[in-house]
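Participant: Listed below are the residues making up each chain.
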Amino acid sequence: MRPEGKIASLGIALPEPPAAVGAYVTHVRTGDLVTTSGQLPWVNKVMQYPGRLGAEVTAEEGYQAARICCLNALAQLKAELGSLDRVRRIVRLEGYVHCTLEFRDHPKVLDGASDLLVEIFGEQGKHVRIALGIYAMPLNSPVQLVVWAEVGE
Amino acid sequence: MRPEGKIASLGIALPEPPAAVGAYVTHVRTGDLVTTSGQLPWVNKVMQYPGRLGAEVTAEEGYQAARICCLNALAQLKAELGSLDRVRRIVRLEGYVHCTLEFRDHPKVLDGASDLLVEIFGEQGKHVRIALGIYAMPLNSPVQLVVWAEVGE
Amino acid sequence: MRPEGKIASLGIALPEPPAAVGAYVTHVRTGDLVTTSGQLPWVNKVMQYPGRLGAEVTAEEGYQAARICCLNALAQLKAELGSLDRVRRIVRLEGYVHCTLEFRDHPKVLDGASDLLVEIFGEQGKHVRIALGIYAMPLNSPVQLVVWAEVGE
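Chains as they are written, first to last, in the working numbering: chain S, 13 to 165; chain E, 13 to 165; chain Z, 13 to 165.
Don't read these hints as lab results, they were simulated from the structure. Computed from a predicted model, the values in this text were never measured in an experiment. Accuracy of the hints is not assured; some may be wrong.
Put simply, identical chains are the same to the list, so a pair is met inside one copy or across any two.
[Unchecked claim] Straight-line distance between alpha carbons at most 30 Å, and here's what the computed DSS-like set of lysine-lysine pairs gives:
1) K90 with K120
2) K90 with K138
3) K57 with K90
4) K138 with K57
5) K120 with K57
6) K90 with K18
7) K57 with K18
Please build the complete structure, drawing on both the sequences and the hints.
Facilitator: Quick look at the structure:
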């Protein structure tokens with residue numbers, strides 16, 4: 013099953029791609045690569061789970077926040093490409109986790125995005141990843157994600 | 013008007029591209045992409061506005077620091093390409109802001125770079141962006157920026 | 013001398029490429045670029061020098077940690093390509109240093125990776141670099157590195 017069919021069969025409705033919060037754009041294509049701006053966990057313009065992992069936000073909530081960021085990133089890719097069926101593979105996920113000094117479960121949080129990518133794209137959804145614990149995040153977001161994808165056709 | 017003409021008409025004098033502060037180079041081309049090392053706000057080898065946003069550095073000073081970093085990044089691109097007229101588009105801006113825990117105005121700071129890119133390159137200056145609040149910055153710099161550009165011809 | 017011969021002449025034994033610590037892969041190729049996931053200083057599944065630069069970890073230990081991360085990154089590139097002789101050039105090093113607020117010697121730490129890349133690849137080992145001081149690192153790692161390389165042939 014291709015990505016758009018998979019999304020439908022999972023009952024996922026992609027959101028409208030969130031707008032930029034500054035003087036930039038939310039997605040760009042260069043050659044066969046598409047990449048997004050840093051995605052935050054917006055749902056209908058309300059940030060989900062604001063705060064820091066290890067303090068106001070639990071690891072399970074962080075997992076959900078990462079999943080929401082990833083849905084927004086996929087909406088950006090779709091806005092660039094018209095259809096996610098044009099994605100040949102997901103290349104890279106940059107995962108920035110807003111957290112306390114003692115927090116160590118960045119990988120569990122970011123699996124909220126990585127798991128979704130593999131659910132939708134299968135083997136082609138597997139990507140390299142960086143995971144960093146960030147001190148201060150724009151708008152007090154719990155997570156910020158960037159997705160890089162390779163385009164086919 | 014093309015980028016070099018635009019820079020002249022704006023009365024901007026690009027600086028000498030700053031040297032690396034370690035065992036690396038300041039710009040590289042791979043395929044049709046050119047990318048820079050992390051750029052700091054050097055003016056004539058003096059760092060401007062050292063310190064943290066939210067503490068020693070105001071948001072307006074941060075905006076100016078981001079603009080200076082971006083001028084240095086453009087100097088690196090020009091050193092790679094000979095002329096900024098060879099830039100087909102600006103692709104990505106990585107914006108790292110040295111700040112306190114409570115600081116939230118990362119987007120306003122980084123607009124100092126993004127606004128400059130759009131002034132010079134117009135529609136082709138629009139880029140994706142990440143904005144992170146960084147705990148400890150090399151040399152106590154207030155901002156560090158990376159620019160990715162796509163080359164034409 | 014080509015990279016594999018150089019590695020042998022330096023008496024370096026590349027490790028097994030470390031496994032991912034989450035739902036992702038450790039290396040990917042897109043077009044002529046290969047990039048790795050964030051590499052940590054594992055030696056035989058034991059993290060070397062855990063903690064923060066400026067506190068539990070000295071700058072010299074950080075240099076060694078960065079060198080170990082880089083060896084692991086090279087093992088990932090070799091797993092993707094079969095031989096490091098297929099690397100046309102090293103493109104970019106992302107250097108994330110786990111540190112205290114006052115720590116400033118990020119460049120010295122990351123030279124542990126950059127020096128190794130130039131030892132092995134010579135002029136083709138020179139790369140652009142970002143250097144950031146990170147507040148909280150997965151698994152309390154002192155350093156996390158990403159290497160981007162361009163593939164020849």
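Participant: So, for every hint listed, does it hold in this structure?
Facilitator: Outcome of the hint check:
1. With identical chains, the CA atoms of K90 and K120 are at most 30 Å apart both within one copy (26 Å) and between copies (28 Å).
2. Taking CA atoms no more than 30 Å apart as the test, K90 paired with K138 passes in both settings, with 18 Å inside one copy and 19 Å between copies.
3. For the homomeric pair K57 and K90, the shortest alpha-carbon distance inside one copy (19 Å) is at most 30 Å, but the shortest distance between copies (39 Å) is not.
4. In the homo-oligomer, the alpha carbons of K138 and K57 lie at most 30 Å apart both inside one protomer (29 Å) and across protomers (23 Å), since each shortest distance falls under that limit.
5. For the homomeric pair K120 and K57, the shortest alpha-carbon distances inside one copy (25 Å) and between copies (19 Å) are both at most 30 Å.
6. For the identical chains of this complex, K90 and K18 are intra-copy neighbours only, at 14 Å inside a copy versus 34 Å across copies, given an alpha-carbon limit of 30 Å.
7. Taking the shortest alpha-carbon separations for K57 and K18, only the intra-copy value of 26 Å comes in at or below 30 Å, while the best inter-copy value is 37 Å.
Violated hints are absent here; each numbered hint is respected by the structure.
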